[in-house]
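Listed here are the chains, written in short residue letters.
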Amino acid sequence: MKPQPNAAVGAPLSRVEGRLKVTGRARYAADHQPEDAVHAVVVAGDVALGRVTGIDTRAALSQPGVLRVISHLNEPDLAYGGVARSEPERVFQDDRIRSFGQPVAVVVAETLEGAQHAASLVKTHYDAQRPMTDLTYEPGGAEPETYARGDAEAALRASAVRLDMTYRLERTHHNAMEPHATVALWDGGRLIVWDKTQAVLGTRNHLADVFGLPRDSVRVISPYVGGSFGSCLRSWQHVTLAALAARETRRPVKLMLTRRQTYFGTGFRPRYDYTLRLGSDRRGRLTGAVHEVRGETSRYQNFTEPVLVPGQMLYSVPHVEQTYRTVPLDINTPTNMRGPGYATGVHVLECAMDELAHEVGVDPIDLRLRNEPDEDPSSRLPFSTRRLRECYRLGAEEFGWHRRNREPRSTHDGDWLIGTGMAAAVHDSGRAPCRARVRLDADGTALVEASTSDMGPGTYTSQTQIAADALGLVMRNVAFRLGDSTMPPAPVHGGSATMASVGSAVQDGCDRLRRDAVELAVADKASPLHGADVNDVVARGGRLHVRNVPARGESYGHLLTRNNLTHLEAVGSYAPGESRHARFAFGAVFAEVAVDRHLGLVRVRRMLGVYDVGRVINPLLAESQAVGGMVGGIGAALLEHTVTDHRDGRVVNADLADYLLPVNADVPDLRAVYLSGEDRDADPIGAKGLGEVVLVGVAPALANAVFHATGRRVRHLPITLETLL
Amino acid sequence: MHPFAYLRASGVEDALDAGHRGGRYIAGGTTLVDLMRQTVERPGALVDISGLPLREVTGTSQGGLRIGALVLMAEAAAHTAVRSAYPVIAQALEQSASPQLRNMATVGGNIMQRPRCPYFRDVTAACNRREPGSGCSARHGFNRSHAILGASDHCAAAHPSDLAVALAALDAVVCLAGPDESRNVPLADFLLRPGDTPHREQDIRTGELITAVEIPAHPQPLKSGYLKVRDRQSYAFALASAAVALHLRDGVVGQARVAAGGVGTVPWRLPAVERHLIGERPSRRLWKEAAARAAEGARPLRHNRFKTELLKRTVERQLHTVGGGT
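Chains as they are written, first to last, in this note's numbering: chain A, 1 to 725; chain B, 1 to 326.
By construction, these hints were calculated from the structure, which means they are not laboratory data.
A quick note: this is a predicted structure, and the numbers were derived from the prediction, not measured.
Glycine residues also receive a C-beta, built at the ideal position from the N, C-alpha and C atoms.
Some hints here could point you the wrong way.
[Said to hold, decoys possible] Partial list, computed: chain B residues near chain A (C-beta under 8 Å):
id: 1; residue: Pro118
id: 2; residue: Phe142
id: 3; residue: Arg232
id: 4; residue: Gln233
id: 5; residue: Ser234
id: 6; residue: Tyr235
id: 7; residue: Asp250
id: 8; residue: Gly254
id: 9; residue: Gln255
id: 10; residue: Thr314
[Said to hold, decoys possible] Under the rule of at most 25 Å between Cα atoms (straight-line distance), these lysine to aspartate or glutamate pairs were calculated in the DMTMM-like manner:
id: 11; chain 1: B; residue 1: Lys288; chain 2: A; residue 2: Asp151
id: 12; chain 1: A; residue 1: Lys123; chain 2: B; residue 2: Asp250
id: 13; chain 1: A; residue 1: Lys525; chain 2: B; residue 2: Glu131
id: 14; chain 1: A; residue 1: Lys123; chain 2: B; residue 2: Glu41
id: 15; chain 1: B; residue 1: Lys223; chain 2: A; residue 2: Asp596
id: 16; chain 1: B; residue 1: Lys223; chain 2: B; residue 2: Glu181
id: 17; chain 1: B; residue 1: Lys223; chain 2: A; residue 2: Asp415
[To be verified] Beta-carbon label-pair distances, calculated as ranges:
id: 18; chain 1: A; residue 1: Arg671; chain 2: B; residue 2: Arg205; range: 56 to 64 Å
id: 19; chain 1: B; residue 1: Lys223; chain 2: A; residue 2: Gly10; range: 56 to 64 Å
id: 20; chain 1: A; residue 1: Glu75; chain 2: B; residue 2: Pro3; range: 28 to 36 Å
id: 21; chain 1: B; residue 1: Tyr6; chain 2: A; residue 2: Thr53; range: 37 to 45 Å
id: 22; chain 1: A; residue 1: Val663; chain 2: B; residue 2: Gly51; range: 46 to 54 Å
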């Protein structure tokens with residue numbers, strides 16, 4: 001069948017659920033209030049390593065309305081089978097403390113205030129040991145991840161230009177607006193959970209395995225997620241705690257983490273120490289690179305992320321050697337955070353490229369063009385699309401890049417030193433198997449469902465757009481639903497894979513349903529379409545008609561009613577085939593900063609990102625994503641730093657007054673441009689994914705701009721004023 | 001949050017009576033409620049004073065200005081008399097907190113703010129201010145935000161208020177009503193350095209209530225302004241700040257009032273800087289030489305060494321901004 005005309009896809013439409021959100025009617029996890037629900041509050045441990053020797057619950061239990069205090073002393077019976085079998089952080093299964101803030105008890109009471117107060121009255125005693133939480137002083141554990149092509153050391157020895165740089169990137173937390181929350185309800189042997197999650201099915205599977213239930217006995221519902229950035233790709237302990245508390249009290253239980261508890265009870269982007277040695281010829285053509293990476297992880301789980309990938313595929317470097325060592329510490333386990341691995345790897349690589357450009361006296365864009373590969377140098381596969389050259393050219397033109405005086409510290413505006421910087425951005429185009437169910441009713445409205453999430457990118461809206469065009473319906477007659485484990489299976493909502501994976505399944509399901517309808521019509525003697533060529537019928541505005549002959553056709557409603565059908569239904573699916581291409585989204589980020597020459601303050605003046613992400617389904621949502629990514633990158637570059645007190649392993653700034661995120665005044669004039677086009681080798685809908693790549697490359701563009709403004713190279717993130725005084 | 005009794009005071013006498021019986025005054029609650037949620041504060045009874053008639057800005061008979069204790073930060077910042085006579089106060093307020101907080105918080109509550117030290121706010125950490133004798137976690141912990149002036153071995157928390165820095169520069173006086181007597185205390189004496197009793201933050205007696213803050217008359221014209229240096233451009237505490245008020249007469253500095261914030265355990269007047277300015281003609285060189293004296297006596301900690309230099313540069317910048325000269 002020929003493709004449908006695009007009416008909705010490509011249009012800058014507002015969020016279909018926008019009104020619900022701004023009027024407070026969108027129900028997030030903690031907004032769900034089953035009848036008779038009680039409240040659970042976590043008691044967090046205040047040592048980082050050791051054993052719990054006693055928990056005094058008498059004062060807590062004597063408070064009115066307190067139902068239970070649950071801890072390892074109750075020896076709660078949890079199965080921990082299946083995917084949870086290998087999980088070391090088992091809730092209340094022993095007395096061991098593995099990280100600061102680990103839950104040691106949970107208090108359940110009739111009211112939230114009552115539970116909070118009782119939780120503050122629980123007295124815990126420990127046999128505490130001194131924890132090791134500082135990456136600097138630990139040698140590193142397991143076998144490192146390595147990569148090599150050619151002989152990088154020899155190449156460096158023979159290089160005319162050699163740079164040796166060590167970068168340090170501090171730990172950062174997601175700090176989504178909505179704190180993590182779970183509401184759990186037992187109905188006989190069945191468990192229903194309203195949860196903040198990016199992994200509706202993952203959460204279902206996890207809970208089923210922890211509690212020893214068949215998977216279809218657990219239902220996870222998560223219609224809205226108030227930002228996440230990776231922080232709920234997996235289930236943390238509080239999810240189990242809520243379900244456990246509900247089981248033990250035989251009441252529905254609501255559990256919310258406090259802002260402070262999110263710093264201890266969920267993951268984070270780990271701290272990295274990253275040494276990069278780079279060799280090139282005098283014209284800046286790269287000859288070799290040696291990467292030595294150290295990142296923090298917990299003692300009980302080895303967390304790794306694709307830090308090394310950019311160093312393998314972003315530039316045409318003949319000789320590369322990489323070592324990535326995780327260092328087990330007495331901390332909780334890190335996790336994916338927007339642009340996982342790439343944000344870190346690209347920061348180092350792109351700052352290093354700027355250093356090299358300065359060293360050999362070449363414009364930073366020219367240097368990159370001289371090292372632009374024709375195929376993926378690591379896999380030797382062709383790129384599905386790689387339009388970085390266009391990103392550089394368009395970005396330079398729009399930003400006015402070539403007006404800059406290349407000399408550092410050469411531009412002033414009163415007390416402000418002005419600098420510009422740029423960086424490349426890259427992220428892989430993730431995709432995974434997905435299904436979607438489509439139902440078209442005789443009243444001409446359609447319902448499309450998949451068990452994905454929408455943590456903010458606009459899944460509701462973009463999937464509605466795809467379905468509307470594929471079915472030939474107007475937007476308001478299509479509803480897309482998500483966030484329920486009883487819906488068709490979808491992959492985790494992360495890794496910039498949702499658009500491609502869910503979108504391709506929705507497209508397939510709607511195509512199937514439309515074809516069924518067309519086949520029904522052309523075979524139906526009473527239809528004006530009787531006898532028409534199936535391939536010649538299109539759907540538009542709720543009607544099927546012969547292409548270019550709108551008068552010859554009929555509405556879905558007529559067709560279904562006449563055939564005594566209440567509805568048509570189809571299931572779409574998508575399964576990525578074997579890769580014949582290297583699939584990545586790319587971008588070029590440009591930044592202008594002002595640095596106060598005496599006070600060391602860094603202020604962002606403007607930023608521009610130009611992106612090659614394949615097909616853009618909704619330019620308005622895509623722009624929102626890019627602006628959000630830039631704000632995240634500005635935070636990483638200039639403000640964000642989870643500070644650990646290594647004497648006892650506590651996070652010192654576990655609140656939003658002391659952990660600084662950018663405010664509006666810090667993020668003026670952010671602009672995003674998307675190259676038009678599509679990438680048919682990436683997936684059926686031609687989208688490469690954009691949620692991650694828009695954060696990658698922001699911090700190095702800013703750091704390079706700070707260098708250009710001041711002549712000072714700061715290899716530490718965040719860049720704060722004391723470094724620039 | 002611990003359970004507490006709540007009383008809404010119908011008048012000043014009523015409030016004083018309840019305060020005398022141990023009730024804690026609450027107005028905007030922007031600090032107190034926060035700290036109660038973290039169980040740092042555990043008052044048994046709250047006395048809501050937000051309805052009391054202490055919400056006016058008036059001139060004093062001596063030509064000064066009286067700001068009622070319950071005037072909101074936003075109201076004080078917008079008040080014509082404040083803006084015209086004391087831009088330093090309006091600017092300090094406008095660079096404080098966020099618009100939402102400034103619409104709730106009061107002038108009296110602002111100078112009663114408790115410190116931002118992260119260990120003070122974390123009930124699982126040792127803190128002499130919160131729990132006398134328990135020790136100071138900040139001294140050898142993370143102390144980037146802490147004071148380099150006025151600290152003791154017992155506490156090094158920086159005073160968080162911007163307004164108080166401007167008020168200190170202007171020799172403001174705190175007006176207190178008590179069950180037995182009313183008294184006026186200079187702000188400089190009202191806010192206490194930690195010494196070996198860091199839990200005593202103000203010279204205030206049980207049941208006493210701040211009714212107003214008075215700014216005495218100053219020679220006119222008085223040029224003034226406030227500069228706050230902070231990591232982000234809004235909603236952040238000062239790493240260093242400077243309140244400067246200068247009276248220029250016949251082309252020379254006749255009166256200079258300079259105070260610093262973000263660096264002291266209390267708002268920090270800089271008399272050595274002020275002395276250096278008197279009788280001199282404004283010039284970049286003068287500002288630099290005077291500001292070089294700003295950090296006298298500074299004793300930085302591990303993570304706040306930069307504040308010594310930052311303080312000097314902040315004062316220099318603000319002297320130039322207010323005083324001009326080339």
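Status of each hint after checking the structure:
no.: 1; hint: Pro118; verdict: holds (5 Å)
no.: 2; hint: Phe142; verdict: holds (5 Å)
no.: 3; hint: Arg232; verdict: holds (5 Å)
no.: 4; hint: Gln233; verdict: holds (4 Å)
no.: 5; hint: Ser234; verdict: holds (4 Å)
no.: 6; hint: Tyr235; verdict: holds (5 Å)
no.: 7; hint: Asp250; verdict: violated (29 Å)
no.: 8; hint: Gly254; verdict: violated (27 Å)
no.: 9; hint: Gln255; verdict: violated (26 Å)
no.: 10; hint: Thr314; verdict: holds (7 Å)
no.: 11; hint: B:Lys288 with A:Asp151; verdict: violated (56 Å)
no.: 12; hint: A:Lys123 with B:Asp250; verdict: violated (68 Å)
no.: 13; hint: A:Lys525 with B:Glu131; verdict: violated (88 Å)
no.: 14; hint: A:Lys123 with B:Glu41; verdict: holds (18 Å)
no.: 15; hint: B:Lys223 with A:Asp596; verdict: holds (24 Å)
no.: 16; hint: B:Lys223 with B:Glu181; verdict: violated (36 Å)
no.: 17; hint: B:Lys223 with A:Asp415; verdict: holds (22 Å)
no.: 18; hint: A:Arg671 with B:Arg205: 56 to 64 Å; verdict: holds (58 Å)
no.: 19; hint: B:Lys223 with A:Gly10: 56 to 64 Å; verdict: holds (58 Å)
no.: 20; hint: A:Glu75 with B:Pro3: 28 to 36 Å; verdict: holds (32 Å)
no.: 21; hint: B:Tyr6 with A:Thr53: 37 to 45 Å; verdict: holds (39 Å)
no.: 22; hint: A:Val663 with B:Gly51: 46 to 54 Å; verdict: violated (33 Å)
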